[in-house]
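J.: One line per chain: the protein sequences are D and L, in this order. So for the first sequence, numbering that gives the first Met the number 0 puts the first residue at 0; every next one is plus one. So for the second sequence, numbering that gives the first Met the number 0 puts the first residue at 0; every next one is plus one.
To be clear, the hints were calculated from the coordinates, so they are not data collected in a lab. In this text, a Cβ means the ideal position worked out from N, Cα and C, and glycines have one as well. Keep in mind that a hint or two might mislead.
The calculated DMTMM-like cross-link candidates involving lysine to aspartate or glutamate, where the alpha carbons are at most 25 Å apart (straight line), are [what the hints assert, rightly or not]:
no.	chain 1	residue 1	chain 2	residue 2
1	L	K78	L	E52
2	L	K86	D	E60
3	D	K39	L	E24
4	L	K85	D	E13
5	D	K167	D	D209
To be clear about the criterion: a stretch of chain L counts as covered by chain D if any three or more of its residues have a C-beta under 8 Å from a C-beta of chain D, and this derived list gives those stretches [stated by the list, open to error]:
no.	region
6	89-98
7	103-111
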Amino acid sequence: MITAVQKPFEEISEMVKGSQNLLILGCGSCVTVCMAGGEKEVGILASILRLANKEKGVSMEIVEDTIERQCDREFFDDVKEKIERADAVLSMACGVGVQFCSEIFSRQIVLPALNTRFYGATEQQGVWTERCAGCGDCVLAKFGGICPVARCSKSLLNGPCGGSQDGKCEVDPENIDCGWQLIYDRLKSLNLLSRLEENEPVKDWSSGRDGGPGKIVREDMLL
Amino acid sequence: MGEKKKIVAFCCENSSYKAAGAVTESSALDLVDIVRLPCSGKVEIGMVLKCLEKDHPGVLILSCPVDNCKYITGNLRAKKRVEMVKKALQNAGIDENRVHMDFISSIDTYKFVNIVKEMNDRLLNTHPVNR
């Protein structure tokens with residue numbers, strides 16, 4: 000899933016300053032699972048903004064709603080009127096949802112309430128960690144199912160750097176495991192260490208960010 | 000004129016709710032709306048904020064004593080949520096003392112009354128909403 004965290008309240012407060020009729024719009028998918036922008040978080044943010052406004056004597060009508068997904072056009076039908084009535088939409092979706100909302104309702108001001116972080120997994124309740132970098136050319140088969148692009152801080156493809164110590168990464172030894180230690184341990188347990196003797200050629204990054212904004216077209220699905 | 004809003008006390012049914020039920024005569028009972036919870040761990044950030052948003056002067060979260068929660072860690076979970084509420088209130092420039100958490104057992108009737116009265120005194124000085 001795409002993970003995100005809420006922006007600092009001060010930043011949000013500054014963004015919505017001047018709005019008379021604000022819609023806070025949640026997203027019922029990834030950001031609901033990572034507890035950043037679902038229905039519950041929309042309610043909390045709305046309450047805090049109302050309380051802060053009351054304290055400052057600011058008049059702002061705040062409307063709340065959450066749709067299934069902000070990255071699919073059809074789900075916006077249910078909130079079309081609310082969006083058009085608002086003078087600003089504070090979207091609690093990831094960056095995709097914010098942009099898509101802004102694209103569909105091009106006359107509306109759409110603001111981001113979250114900072115989108117990474118493609119991650121729920122490691123345990125309340126902890127999400129990165130697993131995929133969306134490079135567009137998956138190499139997991141070669142590395143025992145552990146991605147050196149996402150899990151190594153330097154995205155190295157031919158073994159660890161000199162900053163790997165006791166299985167930890169020099170970037171943040173307390174919180175980041177060395178991706179290459181994980182790969183080594185996994186391949187060892189699979190009895191596939193010999194795979195590491197093969198040199199990995201320079202990766203073609205054009206299928207990822209280096210190739211510009213991505214686009215997938217499925218001819219068979221087009222109407 | 001709107002109705003006079005009271006302090007909201009979220010009480011765990013295994014401890015503070017029983018303590019509140021055993022209070023026979025006290026002016027403290029006129030100061031609170033008691034909400035029975037199956038465990039203080041059921042309290043949610045949104046619930047607490049909603050009470051403040053609806054002009055209740057303050058919110059109490061009264062859970063089982065530390066290390067004596069029927070559901071093992073419900074009171075600790077509630078404590079973490081209260082900390083988050085207080086932080087959110089601070090960030091928004093609102094008096095964080097409008098929310099208070101305490102840990103009492105089912106026989107702490109006297110303590111329950113005191114907590115309510117002390118909360119009321121604090122709020123009289125800092126947040127006299129609808130009083």
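J.: None of the hints should be skipped; say for each whether it holds.
T.: So, going through the hints one by one against the coordinates:
{"no.": "1", "hint": "L:K78 with L:E52", "verdict": "holds (21 Å)"}
{"no.": "2", "hint": "L:K86 with D:E60", "verdict": "holds (24 Å)"}
{"no.": "3", "hint": "D:K39 with L:E24", "verdict": "violated (39 Å)"}
{"no.": "4", "hint": "L:K85 with D:E13", "verdict": "holds (21 Å)"}
{"no.": "5", "hint": "D:K167 with D:D209", "verdict": "violated (29 Å)"}
{"no.": "6", "hint": "89-98", "verdict": "holds (count 4)"}
{"no.": "7", "hint": "103-111", "verdict": "violated (count 0)"}
Consistency with the previously given hints fails for numbers 3, 5, 7, ordered from lowest to highest.
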